[in-house]
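Chemist: Sequence:
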Amino acid sequence: MAKEKLNMDNHWLPFTPNRHFREHPRVFVAADGMTFTTDDGRQVLDGVSSLWCVGAGHNRRQINEAIKKQLDTLDYATAFQVGNDKAFKAAEMIAALAPGDLNKVLFCNSGSEAADTSMKVALAYHRARGEGHRSVFIGRERGYHGAGFGGMSVGGIPANRKVFSTALLPRVDHLRFIHDPVNHAFINGAEPEWKEDPLLELEQRILPLHDPSNIAAVIVEPVAGSAGWYLPPKGYLKRLREICDKHGILLIFDEVITGFGRMGTNFGADFYGVLPDMLNFAKCVTNGVIPLGGVICREHIYDAMMKSTATSPDHAIEFFHGYTYSGHPVACAAAIATLDLFKQENLFARAGEMGKVLGDAMH
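Taking the working numbering, the leading residue of the sequence shown gets 1458, the next gets one more, and so forth.
For the record, the hints were derived by calculation from the structure and aren't laboratory data. Please read all numbers here as calculations on a predicted model, not as lab measurements. Among the hints, erroneous ones may be present.
Quick list of the computed label-pair ranges, beta carbon to beta carbon [claimed, not checked]:
1. Leu1531 <-> Ser1622: 19 to 27 Å
2. Asp1637 <-> Lys1462: 48 to 56 Å
3. Glu1658 <-> His1468: 42 to 50 Å
Glycine included, each C-beta is placed from N, C-alpha and C at the ideal position.
From just these sequences and the hints, can you work out the full model?
Modeler: Written as structure tokens, this is what we have:
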């Protein structure tokens, strides 16, 4: 098949050196299983499941057919004031996978939107409880929480922030980076040991500086993903949970990358045995086929929001937030098919097994 000549004048590629790309374009035209096909016929291994989102491999018929069927049945429905059957079913399946009482699912369209949504939920939750002064957010150095202004503000990758730094949220601080390149280079999946307490700065600088009663939430990735896959120090997340509990601070896990089997468990929260107040997801929930993201909230967060309007009319809206495509029926149909596929092929456990094989081979 002759290579098609593409007009590259109009498409502005994200996170890409566009001038260089136009001189040396790389174009995929097909994908199947673990490989892409380029426009010049080469086969390219998708070694990291694209942007960590194609957990079941490309071109899975079960997912494709679910999407086609949904398009012929209900192609779109707003989530404002009405619901659709696929959104309720997808939420039920996602909640069943989440640990503890994380069982209230707010849908959005991406990990970036999930980060901003979770931050807005945190603010609304504290306000509902009479603590509207809690407005400080704590992220982490080299953390990544998407490309929205909220997510960039709590994110800690310098290149992502520098152009926009003058307009980012002002009431934000960052925990120190959690990697020691000298001692943690060859740990083969083990939780790294630290000679010093990596959360000492939180207790001795950040909390006194902002006053714990002003802090709304701490948001972290269980494993730092976009910065380079850095495991947290031993006991780090459990101790972070204890500190947040002590001061009434919400703990948000950004599991956009680590969720849905990436670590051999349902979520990173399961892997480390730590229950956050909110858990952000996206990517693998639809096998990357159609955009879908969301925030899973614990019962006490949902209950506080419902109680705050208990004296209002029944038709009063509890949380003024959402998107045109929240709970999109086609995206939710893709999620249902994807989660069914993960279960049928036992892919979460498979990921854990293959992770050990890969780790042993590399070390």
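Chemist: Next step is simple, just say for each hint if it's right about the structure.
Modeler: Each hint, compared with the structure:
| no. | hint | result |
| --- | --- | --- |
| 1 | Leu1531 <-> Ser1622: 19 to 27 Å | violated (43 Å) |
| 2 | Asp1637 <-> Lys1462: 48 to 56 Å | holds (50 Å) |
| 3 | Glu1658 <-> His1468: 42 to 50 Å | holds (43 Å) |
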